[in-house]
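Take a look at the letters that make up each chain.
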Amino acid sequence: MGNKTFVGGWHVWSHKELTRDAAIVAAPLPPRVVIPLAQHAGIVCRPLVKAGDTVLTGQKIGDAEGLITAPVHASISGKVTVVGDALHPVLGSAPAVTIESDGADRQDPAITPAGDPRGLSRNELVSRIRAAGIVGLGGAAFPTHVKLSPQKPVDVLIINGVECEPYLTCDYRLLVERPDEILDGIGLLQRAVGVEKVYIGIEDDKPLAIRTFQKRVSALKLPFSVVPVEVKYPQGAEKQLIKALVDREVPPGKLPFDVGVVVSNAGTALAAAEAVFQGKPLYERTVTVTGTTVREPKNIRVRLGTSFAELIAWCGGTTAPAGKIVMGGPMMGLAQFSDAVPVVKGTSGILVLSTAELVLPPEQPCIRCARCVDACPMQLLPYAMSLCAQMKQAERARVYNPSDCIECGVCTYVCPSKRRILEHIRLLKVGAK
Amino acid sequence: MMRVLWAAAIVGGLGFLFGIVLAWCSKKLYVAADPRVSRLTDLLPGVNCGACGQPGCANFAEALADGTVQPSGCVVASPAARKKIEAFLRQAAPAACACGTPADGGRDVAGVCTLCTAAEKKDIADALEPESEPVEEAAQEMALIACGGGQRARNTFAYTGVADCRIAAKTLGGQKACGSACLEQGTCIEVCPFQAIRVQPEGLPRVIPELCRGCRKCVAACPRKIIFMVPRAAKIFVRCHSRDKGPVVMKRCAVGCIACGKCVKACVAQAIRLENNLAVIDYTRCTGCGQCVSVCPTKTMSFVELPPAVV
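Protein chains in written order, with the working numbering: chain A, 1 to 433; chain B, 434 to 744.
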């Protein structure tokens with residue numbers, strides 16, 4: 001009997017050995033940062049500064065009215081040079097604030113520790129987390145304060161320390177290096193949501209992290225359960241993790257709180273702890289810079305807005321010309337067309353693939369082997385949707401529920417005919433609108 | 434002998450029983466079909482393009498007969514065809530026949546009241562009879578694609594995904610540096626029910642004015658929203674929809690409108706104005722003289738009729 005898991009999925013080759021043992025190091029202060037005003041799911045921020053203004057590290061430079069949004073903060077001190085459209089790793093181009101560093105990294109005096117957080121009420125906790133601009137650091141960048149105020153009764157908090165994407169190790173390093181702060185953060189999130197049960201899910205290819213957490217949890221007598229889960233992609237996907245840990249299924253089109261669950265990333269818990277205990281807004285995050293051709297792959301604590309090029313250069317550059325630069329992991333990450341894009345809140349990794357690794361074999365006809373059906377974590381029929389999309393029959397594909405696809409890409413990974421199944425399903429999704 | 438009689442009696446009896454059931458069904462389960470619907474379907478263009486919002490022409494005809502839609506809802510039909518439909522609806526309206534007989538007067542299949550004299554009947558029938566040439570007149574509007582970029586619009590990356598503009602537009606905002614450039618994946622060509630959009634050798638799609646029936650399907654499908662409806666009489670169009678400032682456009686595209694204003698000055702009919710760094714033609718004034726085309730430094734201005742490859 002193995003560890004807990006969900007139905008479907010696939011053990012993908014992880015490549016985590018590149019950076020698994022690389023301790024997190026802080027990157028040098030960048031001379032210039034480009035901080036996009038759209039770093040989260042939801043409403044884009046209005047800039048609060050204009051060109052020529054002097055800003056301090058941690059100063060709020062963008063905010064927006066509305067529920068689903070989060071403020072953005074300056075990540076270095078210096079002078080604002082441009083407020084306008086700039087490259088963005090997700091949107092292509094988006095409004096951003098460019099800051100030239102003065103090299104001093106002067107902190108905003110408004111950043112002060114909160115004192116004893118145990119005295120804070122739930123609402124105060126949530127508003128502090130919002131003010132710090134904290135969003136889900138797993139990649140989707142959904143504002144955390146929205147998750148912490150669920151509209152339905154919730155009884156379980158799940159902390160996602162799975163990190164199932166190949167290559168990425170930043171969450172793993174945080175789990176190993178800063179367990180106490182993460183546990184503090186989990187405690188805060190637990191109080192903010194107001195639940196009894198807390199599960200911390202960690203994939204069982206990270207035995208050190210599991211051991212560390214089990215030890216700390218029992219030493220501190222915390223009411224959390226650390227649950228090893230099977231190594232399988234996409235174990236870290238929200239719905240799959242809920243299924244594995246508490247055996248609840250999120251119905252199509254519903255959110256985790258509909259089944260009484262809030263899921264948060266381990267890195268987010270750390271950011272919440274920093275925000276509440278130190279008052280520190282989210283202006284830096286841990287990023288894995290990796291790839292077989294990167295000279296020194298590293299886990300780096302980096303100021304938001306630093307360009308990918310700078311980080312890759314700081315990792316010694318590449319031994320071969322980069323064929324593709326991906327933000328995030330290879331399964332769900334986004335290929336970039338420029339290395340000048342900045343690190344944003346949702347950047348969990350920078351993956352450099354060489355041209356030799358980028359072989360894209362021609363697409364062959366479907367042989368109905370049903371490997372994608374076995375692997376699909378949502379129990380869909382990817383091959384059928386792919387065929388419908390190729391025949392331009394979006395109507396016919398509707399019975400296969402393409403909208404339930406979580407776009408994990410495991411179908412495309414396992415396909416022996418090298419079919420671009422996920423792309424076809426995406427086509428159905430946009431065609432359906 | 435008895436066997437034969439029994440068999441005949443059983444089969445005959447069953448036949449009689451079924452006959453009764455069928456007769457009962459045909460009375461009780463009868464669905465009153467509007468006799469006008471089939472005529473209206475014949476009068477409609479019959480291409481089932483779906484531009485009216487109904488699944489097809491027959492459904493639109495039903496809605497017409499119900500009075501829930503107006504004949505103008507069919508944008509594809511020519512004015513003459515529309516007039517014919519209107520005439521038919523007027524005369525076949527349940528309220529009263531053209532001869533003045535009220536609604537309960539009884540009608541024949543064409544919806545003409547049975548009380549009309551033969552002469553009146555013939556007049557009405559003449560008005561309704563489709564002329565020898567079926568409805569193939571051009572619509573009043575046609576679509577034009579406001580981008581002349583193609584290979585002259587800079588790519589930021591090579592798009593290798595599924596050939597569909599809607600997916601391409603979602604991939605980091607599209608592979609073109611310009612945010613309003615045609616993505617050249619052919620979604621408009623696919624959705625056009627009249628095959629009126631063709632690919633030019635340089636990769637850009639182009640609307641063939643004679644084939645376009647103005648159904649707006651391409652307008653709805655284009656993720657870049659750069660397909661516009663213009664009057665059929667339009668002779669000149671602006672092959673750009675970028676609202677960026679001149680220097681930005683120049684970096685991204687060799688054909689983009691840089692808002693230099695030369696066309697505005699050159700236009701004798703004062704039909705061109707600049708709006709948000711983009712030349713806009715007022716088609717109520719444009720005479721199609723072509724002065725703007727000859728002065729445009731980037732060849733953004735182009736004749737509709739000529740293939741755009743006049744650079």
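Worth flagging that the hints you see were computed from the coordinates, not collected in a lab. What you are looking at is a predicted structure, and each value in this text was computed from that prediction instead of being measured. Be a bit skeptical, because a hint or two may be false.
Negatives, chain A to chain B, calculated, CB over 10 Å [unchecked claim]:
1) Pro-28
2) Ala-141
3) Pro-150
4) Asp-205
5) Ala-322
6) Leu-334
7) Leu-360
8) Cys-366
9) Glu-423
For lysine to aspartate or glutamate, the following EDC-like pairs were computed, each having C-alpha atoms within a straight-line distance of at most 20 Å [said to hold, decoys possible]:
10) B:Lys-603 / A:Asp-53
11) A:Lys-197 / A:Asp-155
12) B:Lys-603 / A:Glu-407
13) B:Lys-684 / B:Asp-715
14) A:Lys-79 / A:Asp-53
15) B:Lys-732 / B:Asp-715
16) A:Lys-392 / B:Glu-623
17) A:Lys-392 / A:Glu-363
18) B:Lys-603 / A:Asp-85
19) B:Lys-678 / A:Asp-85
20) B:Lys-684 / A:Asp-85
21) B:Lys-603 / A:Asp-155
22) A:Lys-60 / A:Asp-155
23) A:Lys-429 / B:Glu-623
Label pairs and their calculated CB-CB ranges [unchecked claim]:
24) A:Gln-151 / B:Pro-642: 51 to 57 Å
25) A:Gln-390 / B:Pro-680: 39 to 45 Å
26) B:Ala-520 / A:Asn-401: 45 to 51 Å
Glycine included, each C-beta is placed from N, C-alpha and C at the ideal position.
Cross-check of the supplied hints:
no.: 1; hint: Pro-28; result: holds, 28 Å
no.: 2; hint: Ala-141; result: holds, 16 Å
no.: 3; hint: Pro-150; result: holds, 29 Å
no.: 4; hint: Asp-205; result: holds, 32 Å
no.: 5; hint: Ala-322; result: holds, 13 Å
no.: 6; hint: Leu-334; result: violated, 7 Å
no.: 7; hint: Leu-360; result: violated, 7 Å
no.: 8; hint: Cys-366; result: holds, 15 Å
no.: 9; hint: Glu-423; result: violated, 5 Å
no.: 10; hint: B:Lys-603 / A:Asp-53; result: violated, 34 Å
no.: 11; hint: A:Lys-197 / A:Asp-155; result: holds, 7 Å
no.: 12; hint: B:Lys-603 / A:Glu-407; result: holds, 14 Å
no.: 13; hint: B:Lys-684 / B:Asp-715; result: violated, 28 Å
no.: 14; hint: A:Lys-79 / A:Asp-53; result: holds, 6 Å
no.: 15; hint: B:Lys-732 / B:Asp-715; result: holds, 19 Å
no.: 16; hint: A:Lys-392 / B:Glu-623; result: holds, 10 Å
no.: 17; hint: A:Lys-392 / A:Glu-363; result: holds, 17 Å
no.: 18; hint: B:Lys-603 / A:Asp-85; result: holds, 18 Å
no.: 19; hint: B:Lys-678 / A:Asp-85; result: holds, 13 Å
no.: 20; hint: B:Lys-684 / A:Asp-85; result: holds, 15 Å
no.: 21; hint: B:Lys-603 / A:Asp-155; result: violated, 37 Å
no.: 22; hint: A:Lys-60 / A:Asp-155; result: violated, 34 Å
no.: 23; hint: A:Lys-429 / B:Glu-623; result: holds, 17 Å
no.: 24; hint: A:Gln-151 / B:Pro-642: 51 to 57 Å; result: holds, 53 Å
no.: 25; hint: A:Gln-390 / B:Pro-680: 39 to 45 Å; result: holds, 43 Å
no.: 26; hint: B:Ala-520 / A:Asn-401: 45 to 51 Å; result: holds, 48 Å
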